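Participant: For reference, the chains in residue letters:
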Amino acid sequence: MTNLLEVRQATKRFGTFTALEDVSIQVPKGSIFGLLGPNGAGKTTLIRIINQITLPDEGSVYLDNELLNPKHIKDIGYLPEERGLYKSMKVGEQALYLAQLKGLSKTEAKERLKFWFDKFEITHWWNKKIQELSKGMAQKVQFIVTILHRPKLLIFDEPFSGFDPINANVIKDEILQLRDEGATVIFSTHRMESVEELCDHIALINKSKKILEGEVSEIKRTYKSNTFEVGLLTDDHDKIYNNLKEKFTVTPADFKVIDDQLKMKITLDNNASSNDLLRYLSERGQVMRFNEVIPGVNEIFIKTITENE
Amino acid sequence: MSNLKLIIKREFIARVRNRTFIVMTFLSPLIFVGMISLIAWLTTLNNDEIHKVAFFDETGLFTFDFKDSDEIDYIDYSRLPLNDAKDSVVIKQLDGLLYIPKKNTNKELATSIQFYADESPNISILNKIEKIIGNKLTNQNFTEKGLDLSMIEKAKAKVNIQIENFSGEKTSKMSSYVKMVFGGAAGYFLMMFIIIYGNMVMRSVIEEKSNRIIEIIISSVKPIQLMMGKILGTSFAGILQFLVWVILGGVLLTIATSVFGIDPQPVGMDESLALQEGNHEEIQLLLQDILKLPLGTLIFSFFIYFIGGYFLYSSIYAAIGAAVDSETDSQQFMLPIILPLMLGIYVGFFSVIENPHGTVSTVFSMIPLTSPIVMLMRIPFGVPWWEVLISIFLLIGSIIFIIWLAGKIYRVGILMYGKKPSYKELFKWIKY
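Line by line, the protein sequences are chains Z and W. Its first residue numbered 1, the first sequence is counted upward by one per residue in full-length UniProt numbering. Its first residue numbered 1, the second sequence is counted upward by one per residue in full-length UniProt numbering.
I should point out that these hints are in silico values taken from the structure, not numbers from a laboratory. Some hints could be false.
[As the list claims (entries may be wrong)] For lysine to any residue, the following SDA-like pairs were computed, each having C-alpha atoms within a straight-line distance of at most 25 Å:
#1 Z:Lys-90 x Z:Asp-164
#2 W:Lys-431 x Z:Glu-21
#3 W:Lys-222 x Z:Arg-13
#4 Z:Lys-90 x W:Val-16
Bear in mind that the values here come from a model prediction, so they are computed numbers and not experimental data.
Using the sequences provided together with the hints, build the complete structure.
Facilitator: Laid out in structure tokens, this is it:
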């Protein structure tokens with residue numbers, strides 16, 4: 001898979017403060033790439049570098065194997081976290097203006113806007129002023145403006161904030177559809193469940209350095225500890241628990257059940273097979289639950305960051 | 001359409017559609033003309049008032065000299081006892097009582113005339129009375145010495161110095177006055193324009209910042225483009241507003257003058273012009289003077305300095321707008337704008353008018369922050385072309401520098417929220 005975007009060893013300093021240090025990321029074409037990190041880690045600086053709002057002090061950015069240059073502006077759609085619209089300008093005029101700034105002709109912009117306004121059923125907003133709309137409504141307009149010029153690369157910074165669950169879902173579906181149509185998406189957020197749901201690649205930035213990057217499944221494979229969550233229906237909880245403890249690393253687990261199960265997490269040694277464990281368990285009771293514990297992005301996030309402190 | 005054009009168009013429309021802008025555009029000339037009319041009306045009201053002055057003449061000399069005029073009615077109380085005369089002046093609420101005592105000589109008489117009044121009397125009335133008495137006494141002195149009054153009248157020489165320059169062109173004495181008016185108006189106009197529309201640029205930058213639309217915009221255009229578009233768009237709106245003011249103000253003033261029969265000319269100017277009245281040659285010379293002003297240079301340099309000065313200052317305004325989060329925070333940065341503007345105006349109105357080619361005027365017409373105003377005021381008096389050239393070069397050089405500087409501050413500032421920056425921090429931003 002080729003990369004649409006490559007950031008190579010980007011460093012950005014503001015005076016004595018280093019906002020970004022030697023950060024490289026590779027965003028594969030057609031992926032949804034999660035850019036994660038705690039507040040103030042340097043995500044926004046990186047995004048601004050990609051958008052050519054700020055220039056890196058060192059390093060370079062390549063879009064489609066070409067050094068980033070002003071003509072790439074129209075290839076990128078950016079929805080910043082700090083976003084707003086002109087309050088006293090009409091929705092339609094404003095959307096037209098922003099679309100034209102991205103290089104669309106007026107007629108083309110109008111046509112596409114009409115399509116999206118119809119799709120979102122907001123055509124009647126055209127002549128309203130932004131100050132008459134709610135925050136969520138304005139966000140919809142912003143979303144349309146971001147994607148209207150059909151950019152190759154879409155960058156969303158906290159796209160779901162301000163949306164109610166229904167509209168957040170609408171936006172999520174649109175993002176997925178844009179990906180299916182060939183767009184590449186960079187997605188910066190703190191909401192791990194949406195990362196889990198959408199992203200196939202992630203990069204983790206902490207204290208201006210990248211500390212983790214890769215395909216989500218790959219990362220999860222490295223972070224999993226060969227641990228299984230087990231629910232066993234048996235008469236003698238204590239005896240079995242103690243027996244298991246002699247053979248494996250066992251910790252209590254907590255999940256919801258409707259009957260009296262023995263709940264635990266069992267971590268296997270590297271050479272041990274899960275089948276052996278399953279066989280062992282099935283001889284001692286009725287196995288109600290047996291599944292591998294796969295670390296969530298959230299856990300990986302917290303773990304990597306605390307390890308790096 | 002290029003992005004710069006788009007931004008200019010948007011800024012222009014946003015300014016022009018603004019409700020305050022519309023109201024100000026149409027209300028200002030109304031208020032202005034209204035004020036002038038009010039002042040003119042109040043002045044005429046004052047003039048219409050007829051003052052009543054009683055006189056008590058022991059000499060009997062002036063009985064026929066105090067003739068009622070438009071302004072003053074004279075009442076002769078000479079036949080009453082002095083005290084009765086005083087009382088009746090108070091009772092009848094007359095403006096005062098003029099007391100002319102009997103003296104041996106005219107010289108003595110001239111210093112012993114008194115005017116009784118409760119309130120201090122109107123200066124112009126006193127002047128008129130003094131003139132009447134003075135003329136009468138002077139003439140009497142002449143007659144006593146056996147001089148023929150009609151001969152004296154004939155012997156008076158009326159002097160009117162004609163001013164000509166070395167190439168033989170006549171100018172009127174009003175010439176300096178005309179130059180002053182032209183220069184002063186241009187300088188003052190520029191200052192007002194900078195303050196009004198520079199502030200507008202600043203407010204629109206702050207608006208974008210507080211609306212948080214700025215990041216969306218600058219992911220499409222360069223910050224410097226946005227800044228320049230803002231300055232240009234706002235200035236076009238400003239020019240439009242000024243045009244409306246001039247046209248509407250002119251029309252309203254004409255209407256006010258003809259409908260209410262009010263003479264809008266300030267009273268002070270009336271008198272100085274009155275000297276020229278009837279003197280067609282003088283008026284012609286005055287017109288010639290206006291035409292003979294280096295009009296080409298004047299208009300050309302007006303545009304250069306107007307555009308230059310406006311760009312210089314409004315980019316500073318834009319940088320300030322970018323540095324702060326709200327208009328109240330902008331106060332601390334206003335000094336570098338207001339100080340040179342005020343300095344320019346003061347130097348212009350005091351130094352240039354006094355001595356257009358003195359050291360102070362020359363130096364300040366070179367310093368870029370004050371040169372637009374001071375040089376505009378100097379140019380009608382004739383400035384060597386090389387001085388203008390140096391001044392323009394310095395101005396253009398510093399415009400480029402200031403726009404570059406402001407652009408840097410702007411670029412960093414528009415993305416900074418929260419704390420109020422200090423001058424030290426602004427300096428740091430330039431280096432980012």
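Participant: Does each hint hold? Answer for all of them.
Facilitator: Here's how the hints hold up against the structure:
| no. | hint | verdict |
| --- | --- | --- |
| 1 | Z:Lys-90 x Z:Asp-164 | 24 Å, holds |
| 2 | W:Lys-431 x Z:Glu-21 | 19 Å, holds |
| 3 | W:Lys-222 x Z:Arg-13 | 20 Å, holds |
| 4 | Z:Lys-90 x W:Val-16 | 14 Å, holds |
Hint violations for this structure: none, all hints satisfied.
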